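Work out the full structure: start from the sequences and follow the hints.
Keeping their order, the protein sequence lines are chains H and R.
Here my numbering is used: the first residue of the first sequence is 141, the next is one more, and so on.
Here my numbering is used: the first residue of the second sequence is 2, the next is one more, and so on.
Careful, some of the hints might be misleading.
Straight-line distance between alpha carbons at most 30 Å, and here's what the computed DSSO-like set of lysine-lysine pairs gives [claimed, not checked]:
hint, chain 1, residue 1, chain 2, residue 2
1, H, K343, H, K212
2, H, K343, R, K251
3, R, K125, R, K201
4, H, K173, H, K418
5, H, K262, H, K343
6, R, K134, H, K418
Worth flagging that the hints you see were computed from the coordinates, not collected in a lab.
Computed from a predicted model, the values in this text were never measured in an experiment.
Here is what each chain is made of, one letter per residue.
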Amino acid sequence: MTAPLLAIEDLVVSFPSNHAPLHAVDRVSFALKPGESLVIAGESGSGKSLLCRSILGVEPETAKVAGRLDWKGKSLLNLSVAQWRPLRGAEIAMIFQDPTAALNPLLTVGRQIMDVVRAHRKCSRNEARSRAIEVLGTAGLPEPEHRLTSYPSELSGGMRQRVAIALALSAGPELLIADEATTNLDVSIQAQIVTLLHDLRSKLGVALIFVTHDLDLAAEVGGELLVMYAGQPVEMGPVDTVLADPCHPYTRGLLRSAPTARSSRRTPLRPIPGQAPKLGAVGDGAPFRDRCPVLISGLCDRSRPGWTEAGPSHRVACHRFEQDGRDGLT
Amino acid sequence: MTDAPILEAIALDKVFRVRRKGAPHDIHALKNVETQLHPGETLGLVGESGSGKTTLARILIGIEEPTRGEVRFEGNAVRSAEGWRELRRQVQYVFQDPFTALCPTMRIGAALAEPLAIHGICPKPERKDRVAKMLGLVGLSADMAGRLPYQLSGGQRQRVNLARALMLEPRVLICDEIVSGLDVSVQAQVLALLVDLQGKLDLSLIFISHDLRVVRYLCDRVQVMLLGDTVEHGPTAEVFDDPQHEYTRKLLDAIPDRDHAARISKSALQYG
Ligand SMILES: Nc1ncnc2c1ncn2[C@@H]1O[C@H](COP(=O)(O)OP(=O)(O)OP(=O)(O)O)[C@@H](O)[C@H]1O
Ligand SMILES: Nc1ncnc2c1ncn2[C@@H]1O[C@H](COP(=O)(O)OP(=O)(O)O)[C@@H](O)[C@H]1O
Ligand code: SF4
Ligand SMILES: [Mg+2]
Ligand SMILES: [Mg+2]
Numbered sequence: 141m142t143a144p145l146l147a148i149e150d151l152v153v154s155f156p157s158n159h160a161p162l163h164a165v166d167r168v169s170f171a172l173k174p175g176e177s178l179v180i181a182g183e184s185g186s187g188k189s190l191l192c193r194s195i196l197g198v199e200p201e202t203a204k205v206a207g208r209l210d211w212k213g214k215s216l217l218n219l220s221v222a223q224w225r226p227l228r229g230a231e232i233a234m235i236f237q238d239p240t241a242a243l244n245p246l247l248t249v250g251r252q253i254m255d256v257v258r259a260h261r262k263c264s265r266n267e268a269r270s271r272a273i274e275v276l277g278t279a280g281l282p283e284p285e286h287r288l289t290s291y292p293s294e295l296s297g298g299m300r301q302r303v304a305i306a307l308a309l310s311a312g313p314e315l316l317i318a319d320e321a322t323t324n325l326d327v328s329i330q331a332q333i334v335t336l337l338h339d340l341r342s343k344l345g346v347a348l349i350f351v352t353h354d355l356d357l358a359a360e361v362g363g364e365l366l367v368m369y370a371g372q373p374v375e376m377g378p379v380d381t382v383l384a385d386p387c388h389p390y391t392r393g394l395l396r397s398a399p400t401a402r403s404s405r406r407t408p409l410r411p412i413p414g415q416a417p418k419l420g421a422v423g424d425g426a427p428f429r430d431r432c433p434v435l436i437s438g439l440c441d442r443s444r445p446g447w448t449e450a451g452p453s454h455r456v457a458c459h460r461f462e463q464d465g466r467d468g469l470t
Numbered sequence: 002m003t004d005a006p007i008l009e010a011i012a013l014d015k016v017f018r019v020r021r022k023g024a025p026h027d028i029h030a031l032k033n034v035e036t037q038l039h040p041g042e043t044l045g046l047v048g049e050s051g052s053g054k055t056t057l058a059r060i061l062i063g064i065e066e067p068t069r070g071e072v073r074f075e076g077n078a079v080r081s082a083e084g085w086r087e088l089r090r091q092v093q094y095v096f097q098d099p100f101t102a103l104c105p106t107m108r109i110g111a112a113l114a115e116p117l118a119i120h121g122i123c124p125k126p127e128r129k130d131r132v133a134k135m136l137g138l139v140g141l142s143a144d145m146a147g148r149l150p151y152q153l154s155g156g157q158r159q160r161v162n163l164a165r166a167l168m169l170e171p172r173v174l175i176c177d178e179i180v181s182g183l184d185v186s187v188q189a190q191v192l193a194l195l196v197d198l199q200g201k202l203d204l205s206l207i208f209i210s211h212d213l214r215v216v217r218y219l220c221d222r223v224q225v226m227l228l229g230d231t232v233e234h235g236p237t238a239e240v241f242d243d244p245q246h247e248y249t250r251k252l253l254d255a256i257p258d259r260d261h262a263a264r265i266s267k268s269a270l271q272y273g
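Dropping the structure here:
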């Protein structure tokens, strides 16, 4: 068995407050081996970005990260700047939702990529240049050699996102974290990028963390799915299994909320009523209790559910499921 | 559909002149585009980024001038300033970006009353009432009127944008990517609201979106654009089930689809 690249156990990201610390990511665990993929889904504010940022050690100053966070068997917590240098942007790279934030508007595309290449590997200008052309091509940018001299402002949104992806690929990462990297792109470009991510996994063995709130897109990306709600993991398993047989009331609600590629016209969508709880408002009970159609009063408002097996490698954190299985769901 | 169109674009051309490395350069954003919106229907406008959807919408409400062609409202070409003023009362445009569409320092109540003041159509003492009614219609409580935009969630802000557009009781609403940045559960709430409002207010809708799942869900007819051209248009079911143009097929193939993805990964398991 291959050892995991990334092993996370009971990871907690919290913010100090006048009372108890506010938990934005609350006891998340998973492991990733080379070539594997984990899709993280959940609505905005559920802690997806903070989870990703803490893996890369770029969480906000005020955030406190606790738990186990190991990269190739060594902890990533409390590393010095010098210890991060060979890792961040090199072994572990991240693509953000907004490509403009990742790119420097004053430097050409080629210059930015060559800088990253040469920061992590000793090589000549010419070697760095061909590497830049290579990664731009891999990221699906048409005519990469002509684009080296372009400034970010001369590119369309979709092209800019591909440059950001090329930048993330340029040092040859072993783990790529894509945080809503395709959310604002056209379907056709989105599909191209998903294909590219498949190739990186199968051909280069790159491990992938893909954050999205689109469960159909999660299915296209494939691998494991982690559904988060208010910072807590609520359901986990292979993407296909979870989508074919969702067992947490929140996952089921999400699936009913969105029209699919096949929904017929105006079949009523059933949005989840209400809103996600504010940071720190969950307390001791089950995180989804205020919006849950199958809540068990007296239990869900008092205790946080643990994991229940729903099938091989499919787990659900729900009191109702633990008590009544699939019969208890709506 | 036998009804005469309420809003029409006739042979629209739009050329933007920009400077590239000092030399003038033309961007042909719309090429001989025709659009017809019938009373009570929802028309979907789809096509990749830069295909001209927003430009078409902006011309339809007169904030952009076409290089050639004309806009007709209820069968009459709109030409005079007076004509455009009347059209802008009847045709409202809801913006692409819910976070910048509202003035950050103006309270929600004032933002909703503003269109009434601009068009001078409701006596001042009655405006507060109209605002409260409209907030109720889009599912917000009346005390929202006292809030500032930053105090609202994304979904609430989008409801306020819709409410603002509806204050003048328009006949046509143009929605430009209004649900794209929203979480699915919030998106579902906004879509349900649109369907509900359309029924109650007898609205005709133009719905611009790059999410084809939402377009299929919401629209009666769809118009597919590519580089400023219409490549295909027709009833949504026909276009989605039997696309005639290569580009439409490509777009439809790219829709993320959980069933399709599950089949592919199963066959990959079998053969690989
Ligand atoms: N003011 C302008 N000056 C120059 N070019 C413009 C201007 N407005 C739009 N364009 C160009 O016209 C074309 C159509 O733009 P438009 O905004 O209508 O696209 P769109 O279909 O709405 O795209 P998106 O899906 O990204 O919103 C693009 O090539 C765009 O760059
Ligand atoms: N710098 C910060 N200070 C305080 N709270 C924060 C900060 N960054 C994020 N949060 C809070 O942490 C929670 C999770 O945020 P985030 O990880 O960005 O969610 P997601 O990416 O799932 O939308 C939210 O409640 C958010 O408001
Ligand atoms: S039944 Fe209880 S534990 Fe399960 S989702 Fe509902 S509130 Fe949470
Ligand atoms: Mg985020
Ligand atoms: Mg647009």
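Hint check results:
no. : hint              : result
1   : H:K343 <-> H:K212 : holds, 21 Å
2   : H:K343 <-> R:K251 : holds, 26 Å
3   : R:K125 <-> R:K201 : holds, 25 Å
4   : H:K173 <-> H:K418 : violated, 34 Å
5   : H:K262 <-> H:K343 : holds, 24 Å
6   : R:K134 <-> H:K418 : holds, 28 Å
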